[in-house]
Amino acid sequence: MVVPCVECGEKAILKRPKNGKKLCKDCFYSVFEDEIHQTITQNNLFARGESIAIGASGGKDSTVLAHIMKTLNDRHDYGLNLVLLSIDEGISGYRDDSLETVKRNQIQYDLPLKILSYNDLYGWTMDAIVKQIGMKNNCTFCGVFRRQALDRGAALLKCDKIVTGHNADDIAETVIMNMLRGDIARLGRCTAITTGSEGMISRSKPFKYTYEKEIVMYAHFKKLDYFTTECIYSPNAYRGHARVFLKDLERIRPRAILDVIKSGEDLAIKDDVKMPTQMTCVRCGYISSGELCKACIMLDGLNRGKPQLSIGKATKRKQILKAEAAGAVTEMF
Amino acid sequence: KILYPGEPVLLDITGSPSSLTLLRLMASGYDKASHKRITATPIIVIIDESRVCEVGESVVTEVLRVVEETPHMPRRVVIVPLEAVFLGETLEAEIRKLLNATGGNDGNSIVDLSELSSPELVSQTREVLLKPGGDEVRGSMKRRILTALARNLDCSKVMLPSTSSEFAAKLLESVATGRGSGISFQCNYLDARSREVTFINCMREFTLKECVYYLRCQGVPLLTLPQPQQHPPSTIAQLAESFITGLQSEFPST
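From first to last, the protein sequence lines stand for chains A and B. Residues in the first sequence are numbered from 61 upward in steps of one, following the working numbering. Residues in the second sequence are numbered from 212 upward in steps of one, following the working numbering.
Errors might be hidden in some of the hints.
What the hints assert, rightly or not - DSSO-like, lysine-lysine: derived pairs with alpha carbons at most 27 Å apart:
{"#": "1", "chain 1": "B", "residue 1": "Lys-368", "chain 2": "A", "residue 2": "Lys-330"}
{"#": "2", "chain 1": "B", "residue 1": "Lys-212", "chain 2": "A", "residue 2": "Lys-330"}
{"#": "3", "chain 1": "B", "residue 1": "Lys-342", "chain 2": "A", "residue 2": "Lys-322"}
{"#": "4", "chain 1": "B", "residue 1": "Lys-342", "chain 2": "A", "residue 2": "Lys-334"}
{"#": "5", "chain 1": "B", "residue 1": "Lys-342", "chain 2": "A", "residue 2": "Lys-81"}
{"#": "6", "chain 1": "A", "residue 1": "Lys-78", "chain 2": "B", "residue 2": "Lys-342"}
The hints are simulated quantities; they were obtained by calculation from the structure and are not laboratory data.
Extracted from the complex, chain A is given alone in its bound form:
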C-alpha cells in the first residue's frame, strides 16, 4: 500500500520522529530546513555581516550544521561569513579520523577551516589526561577544555559568534542531567538558545528544537560525509544515564523531548537561591565563577599529578590542599 506524503501527495518514504507525519524526501528536506530557518530568524541568532565560527567535529550534527548554514546563508541571504572551527582533543583512533572528515567538509562546502589542538593550547592531550585520571570524569575535563578552546579559536579567527550542533536531544539530556545533579546554576542557563556574557563571544544552537533522529535522516538521505563512531572515552559518562531515560521516554511519547526542553525553559529559580557570580580568571582572563577558571584549576591539578583537585566540591579541594600543606610542614620538621 503506497502511503502518500501529507504535504504534496507523492509517495512518502519516511515518518517524522517529531510528529509522526509521513513525508517524501523533498518535503522532508524543505520542512527540516524551514524549521531551522524559523528558529534562526525568530530568535535573531545572527546579524548581517557577522563572521560565524561553526564548531565542526566531523560528526553528524556538525556536518549537517555546516551544510544547513551554507544552504540557508545562500538561500535566504543572511550575509554571513562562515568559518569551520575544529578542536583536536588528541584522542588517537577517534579524533584523528574525524578530523579527516572535517578536512573533506572544508573542500565540499568551500569554507575555511581552523584546527586547534589541546596539546598546543594546554600541553595535554585527552589520551594523556585519561592515562592520569582513569576512565571516570574524563568528559568533565574534555568539555571544559573544548569550551575554552572554541572561544580562543573564534577569537583568533576574529569571529563574532560561534554556532554548535547541539540538538534537541542534547539539550533535553542536559536539562535532565542538571536536574538529577541539582545543578541549579546550569539548569538556569542550559536551555538558552544563545549563551554568553558581555565581552565573551556568544554561542548559538540553531538545532535547539531539531530531533537527533531527524538530523541523522537528513544526513543519510542527503548522503552527507560524516564520521559515525562514538568517542572511545564516553561510555562511563553520567550523561549516558540521562540519555537512556530520554530514549525510553521518546519511545512512550516522541513529543517528550520538546516537553523536557519546555520544562527547562519554564523553570523558575527562587530569588533567595545563591547563584554563582561572574568573575574573570586571574590567570588566563577567561570567564569564571571563581578566582581561577575551571580550565586553570584542572591544568593545575594535572600538572601537579593531582587531578582529583579539580573534580568534586571546592571544600574537598581545600581539604586536600590543607592536608598537603600539613604534610609538607611535618616533613620540614
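Position chain B relative to chain A; hints supplied.
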C-alpha cells in the same frame, strides 16, 4: 512551629512504609516521656481502595491493626472509600451528613464512611485509574477527599507521607511532560495552594529505603498494597520511578 496545641490535624495513612513510619514518628511525639511532645490532635484517615482494587477489606483491616498496635497514638480513625470522590460537589455535604449520623464529629474512635460508596462509583473509578496517567489522577482524588474531610472536621492541616523517592519521580515526570513551571509547588514542605487546607509533606527528607529500615528496626511488619492493573503497563510515571530508583543505587545523593 507548624502544629499548635490542640489543633486537629489529619494523617493520611495508606499502609505504605512511609505512612507507617509517619504514624510511628507521630506516636513517639505523644509519648508522655518524650522530650518534645506533639500537642496537636491527630485524626488518622484511611482512604479505602479495596473495592476499586478488588482485594476485599484486608488492607484496611491490616492498617487498623497497625494503628491499634502503635503505642501512645490517639485512635481517632476515619475510613473513606476512594470512589466517593466521584460524588462531585455533593461530596462534602455527604461526608457531613454521615459524620453527624455516625457521631464522627464527637471524637468516636473509628468512623467508617463506606456508605458513600456504590457499585456505579466503583466502576467509574476503576475505569479512570486504568487509563494512562491513572497514578496522577489517584493522587488528585485522594487530595480532594482529604480536603473535603479536613473542612468537615475543622482541620486546616493534613500530613502526607510522600518520601523524597516519590517526590523525585514526580519531579522527573513533571519535567518529562512539559510542566517544569509548576515543579516548585510540587516539592515544597508546605503546600498551601488550597486556601483553607495546608498539606504538610513531612516525610520529604526521607527516602523510601530509610522508612523501610526504620520500620524493620521498630519491628513493624510491612504491608502488601495492591495496585489496580494499568494498561499500557509502561507510563512516564513508572519509567521515572524505575529510573530514579536505579540511579539512586549508583549515586546515593540523587
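Consistency of the hints with the structure:
1. B/Lys-368 - A/Lys-330: At roughly 25 Å apart (the allowed maximum being 27 Å), A/Lys-330 and B/Lys-368 satisfy the hint.
2. B/Lys-212 - A/Lys-330: OK: B/Lys-212 and A/Lys-330 at ~23 Å, within 27 Å.
3. B/Lys-342 - A/Lys-322: holds, 25 Å
4. B/Lys-342 - A/Lys-334: Outside the cut-off at roughly 42 Å; violated.
5. B/Lys-342 - A/Lys-81: With Cα atoms ~26 Å apart, B/Lys-342 and A/Lys-81 stay inside 27 Å; holds.
6. A/Lys-78 - B/Lys-342: holds, 24 Å
When each numbered hint is compared with the structure, a violation occurs for hint 4 only.
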